[in-house]
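**Student:** Using the sequences provided together with the hints, build the complete structure.
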Amino acid sequence: MTAAEPARDPGLQPERTRLAWRRTTLSCTVAAVLAARAVLNRGPSPTGVLACALCLLLWLGFLAVAHRRMVALTAARPRRLTGRGAWAAALCTLALALCAAALVV
Amino acid sequence: MSNFVRSLRLWFAPERIREEGDTPDYRFSLANERTFLAWLRTALALIGGGFAVDQFLPDLRWGWRIGLALALLAAGVLSSLRAVSHWVRCERAMRRGEDLPAGRFPALLGLVVALVALAMVVVVLFGWEG
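The listed protein sequences correspond, in order, to chains P and D. Per full-length UniProt numbering, the very first residue in the first sequence carries number 1; after that it's consecutive. Per full-length UniProt numbering, the very first residue in the second sequence carries number 1; after that it's consecutive.
Calculated directly from the structure, the hints in this document are not laboratory data. Heads up, some of the hints might be wrong.
To be verified - Derived CB-CB ranges, DEER-like:
{"hint": "1", "chain 1": "D", "residue 1": "E20", "chain 2": "P", "residue 2": "G43", "range": "53 to 59 Å"}
{"hint": "2", "chain 1": "D", "residue 1": "L125", "chain 2": "P", "residue 2": "A36", "range": "28 to 34 Å"}
{"hint": "3", "chain 1": "D", "residue 1": "G21", "chain 2": "P", "residue 2": "G43", "range": "54 to 60 Å"}
Glycine included, C-beta positions come from ideal geometry on N, C-alpha and C.
**Tutor:** Next comes the structure, spelled out in structure tokens:
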């Protein structure tokens, strides 16, 4: 009945990749929660609140990138990850590390 | 040198990869993407470790605490950069039908994490005085 539709990959590669994105967003959530905890621990200071707000923004950015990619991965034969998507995810991580450094010092 | 410049350009405009070689099976690209994500998770875990050192070892001397946290955070930064670079290089190698790139980064990262862990053990055993 689905002659026009390409066959599903028996190895479930798109699904596995989608789950990998989900695991990664979970890791990002843990890091963002720890950032919020760092600010709560120390009491509010201008740099602390700013860095924490940035961390939450970066977390939202990461969620958006991951969501876009996870929607794209629902296709039976998804297109490859774009360079822009890869860079967006990596830069969110990198900026999170810089905010963490600002919070820690 | 020109090779270096070219690969640097690929970093920032990976769409160029599409111009060379043949498109690999989409499943190989997805496997490469999962490797990329695994490196990102490693980076995020290292960042979380940096936060954890700062928050869960409050009795540590200031220098040790900051040093260990910053070492973990720096490892996280390097891992996230390496995630992209490795992804780009693998994608290009698959298109050209070359061997996948190998590097020293995993060994170095393992060494750094081992050193930080060792320092943490020493500090927790002997260095509690603030």
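**Student:** Is it true that E20(D) and G43(P) lie within 53 to 59 Å of each other by Cβ?
**Tutor:** 55 Å, holds
**Student:** Is it true that L125(D) and A36(P) lie within 28 to 34 Å of each other by Cβ?
**Tutor:** 31 Å, holds
**Student:** At the C-beta level, are G21(D) and G43(P) separated by a distance inside 54 to 60 Å?
**Tutor:** 56 Å, holds
Consistency note: the structure conflicts with none of the earlier hints.
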